[in-house]
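Q: Sequence lines, in order, name chains B and H.
Position 73, counted from 1, in the first sequence is what the numbering used here calls 73; the numbers after and before it change by one each time, with no gaps.
Position 204, counted from 1, in the second sequence is what the numbering used here calls 1204; the numbers after and before it change by one each time, with no gaps.
Since the hints were made in silico from the structure, they are not lab data.
Backbone N, C-alpha and C fix where the C-beta goes; we use that ideal spot for every residue, glycine too.
Do not take every clue at face value.
Unchecked claim - No more than 30 Å apart at the CA atoms, straight line, and that leaves these computed lysine-lysine pairs for DSS-like:
1) H:K1199 x H:K1125
2) H:K1125 x H:K1209
3) H:K1209 x B:K88
4) H:K1209 x H:K1199
5) H:K1081 x H:K1209
6) H:K1199 x B:K83
7) H:K1209 x B:K83
8) H:K1094 x H:K1081
9) H:K1303 x H:K1199
10) H:K1199 x B:K88
What the hints assert, rightly or not - So, partial list: chain B residues that the calculated Cβ filter (under 8 Å) puts toward chain H:
11) S39
12) L40
13) V43
14) A61
15) F69
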Amino acid sequence: MAANPSIRDRVIAIIAEQAVLEREQVSLEMSLAELGIDSLGLVESIFAFEEEFDISVPFNANEPTESDFDISSVAAIIGAVEKLVAEKEAA
Amino acid sequence: MRRVAITGAGTINALGHDVPSTLAAMREGRCGIGPLVFRDVDRLSVRIGGQVRGWDAESYFNRQEISLYDRFTQFTMLATKQAVEQSGLDFRGKMGFDCGVILGTAGGGVMTSDENYRSVYEEGKNRVHPFVVPKLMNNAAASHVSMEWSLRGPSFTVATACASSNHAMGLAFQMVRSGAARAIITGGSEAMLCFGGIKAWEGLRVMSKDACRPFSANRNGMVQGEGAGVFVFEDWDHARARGAEILAEVAGFSMTSDAADIVMPSQAGAQRAIAGALADARLAPEDVGYVNAHGTGTAANDKTECAAVAHAFGHHADRLMISSTKSMHGHVIGGTGAVELLACIMALRDGVIAPTIGYEEPDPECALDVVPNVARERKVTAAISNAFAFGGLNAVLALRAA
Chain B
1 MAANPSIRDR
11 VIAIIAEQAV
21 LEREQVSLEM
31 SLAELGIDSL
41 GLVESIFAFE
51 EEFDISVPFN
61 ANEPTESDFD
71 ISSVAAIIGA
81 VEKLVAEKEA
91 A
Chain H
1001 MRRVAITGAG
1011 TINALGHDVP
1021 STLAAMREGR
1031 CGIGPLVFRD
1041 VDRLSVRIGG
1051 QVRGWDAESY
1061 FNRQEISLYD
1071 RFTQFTMLAT
1081 KQAVEQSGLD
1091 FRGKMGFDCG
1101 VILGTAGGGV
1111 MTSDENYRSV
1121 YEEGKNRVHP
1131 FVVPKLMNNA
1141 AASHVSMEWS
1151 LRGPSFTVAT
1161 ACASSNHAMG
1171 LAFQMVRSGA
1181 ARAIITGGSE
1191 AMLCFGGIKA
1201 WEGLRVMSKD
1211 ACRPFSANRN
1221 GMVQGEGAGV
1231 FVFEDWDHAR
1241 ARGAEILAEV
1251 AGFSMTSDAA
1261 DIVMPSQAGA
1271 QRAIAGALAD
1281 ARLAPEDVGY
1291 VNAHGTGTAA
1301 NDKTECAAVA
1311 HAFGHHADRL
1321 MISSTKSMHG
1331 HVIGGTGAVE
1341 LLACIMALRD
1351 GVIAPTIGYE
1361 EPDPECALDV
1371 VPNVARERKV
1381 TAAISNAFAF
1391 GGLNAVLALR
1401 AA
């Protein structure tokens, strides 16, 4: 699937707000730790993705790596959100 | 300083409607967690819990009482009745002036709030029942206990999330030990298994959708329960003088604050509370045979708690038994320490150590004897009970065999 710039921008906007950074300071290869987003910030970001895109993100803080929702980098998160949005639209 | 005896115990929780049935379930390693049954449960992603089954309020309370008692108060009243009857105390008359009620709850009348928000917001009603406020207030249970049993001394409610009932029992202990009260009815209660109660927890993403597996490497979160645990803490000499049966001695208590994070636990704070309770009880680490863990089944709590226990007990940590009964009755939130104190009393009185059920895979970060899946017979002379709340508020009680 081709990168959807609008989803990407909206995800980056949410991450930037959570990290208290300008959007330009958030780059695709950065991890949440590098952005200074802790576990509570992550849960809040996921809530914001769900609200923004009307999706349901499968994520359990007890086993973050077990989930299909890849949070290893900003790019991975964008990909995961795009996938959920596509699934919603296909449904 | 006076010694403090436990002379009565009562409970209702997912494992049973009284102490004997609850202890039998703990002994058998029975699980009280199952599918949640209440309105709109299909709109939740978490649908399991340790719900009290077969509860019929009408068989215990009259209509006027039911109109004033939220479910958390109903549970408290039943557990108190059992505890007071076992103690044999009568608080009417002079005795009641020297006795009080200190109970813990995190949410108070959550179901009352839930039902009435639904009626005004969803159903658009413009009128609610006149008793909504006296039903939902956190001190409703403590106040009704004081009224029913004529307890006219110090009475109040403590709310420290998941440590509420340990804080309540710790304060009750300090009051009886200092001579400020001759006996205190103490423990805690919680009843938030309703749509709004679970929906709020769901948002934190720390709940398991399938089981509570404390200390197991494949644990994936906490499971909520409901119920109450209530005890009579009584001046030891007073109890002895009247020939009362003493279930156990409350020997020490300590509370600390992490002053760190609103949800993540801290090893240092937990460790200081454990060490503090031992010191307060004048117990050496080697004296303790059993630790009732906070053991929520979350990734964060269990490894932090094991590290805290390992450091507080030193070499002895490898010889003591630690279990989490939340695997069976779920996390009773503000009432959990009270329900779990029963496991400590069972260890001290009956020499039976309640297991941690649902244990499937060892976790190197929880490398203690967690009494996996099957109860154990072992003589124990001292035990501690941990509670570590959201907000970093820790409360640990130390008990000695009577």
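Q: All the hints need checking, so say for each whether the structure fits it.
A: Status of each hint after checking the structure:
For the hint linking K1199 (chain H) to K1125 (chain H), the alpha-carbon distance of about 23 Å falls within 30 Å, and the restraint holds. With a C-alpha separation of about 34 Å, the suggested pairing of K1125 (chain H) with K1209 (chain H) is violated against the 30 Å cut-off. Simply put, K1209 (chain H) and K88 (chain B) have alpha-carbon atoms about 22 Å apart, close enough for the 30 Å limit, and the pair holds. Proposed proximity of K1209 (chain H) and K1199 (chain H) is supported: the alpha carbons are some 13 Å apart, at most 30 Å.
For a cut-off of 30 Å, the pair hint linking K1081 (chain H) to K1209 (chain H) is broken: about 35 Å separates their Cα positions. A C-alpha spacing of about 25 Å is found between K1199 (chain H) and K83 (chain B), which places the hinted pair at or below 30 Å, so the restraint holds. A C-alpha spacing of about 23 Å is found between K1209 (chain H) and K83 (chain B), which places the hinted pair at or below 30 Å, so the restraint holds. The straight-line distance between the Cα atoms of K1094 (chain H) and K1081 (chain H) is roughly 20 Å, inside the 30 Å bound, and the hint therefore holds.
Taken as a hint, the K1303 (chain H) and K1199 (chain H) pair is honoured in the structure, with Cα atoms around 26 Å apart against an allowance of 30 Å. Restraint check for K1199 (chain H) and K88 (chain B): the C-alpha separation of about 22 Å stays at or below 30 Å, so the hint holds. Look at S39 (chain B): its Cβ gets to within about 7 Å of chain H, closer than 8 Å, so that hint holds up. Interface hint at L40 (chain B): satisfied, since its Cβ lies 6 Å from the closest Cβ of chain H, which is below the 8 Å cut-off.
The beta carbon of V43 (chain B) comes within 5 Å of a beta carbon in chain H, closer than 8 Å, and the hint placing it at the interface holds. Nearest Cβ of chain H to the Cβ of A61 (chain B): about 5 Å, under the 8 Å cut. The hint holds. The restraint placing F69 (chain B) at the interface with chain H is violated, with a minimum CB-CB distance near 11 Å, outside the 8 Å limit.
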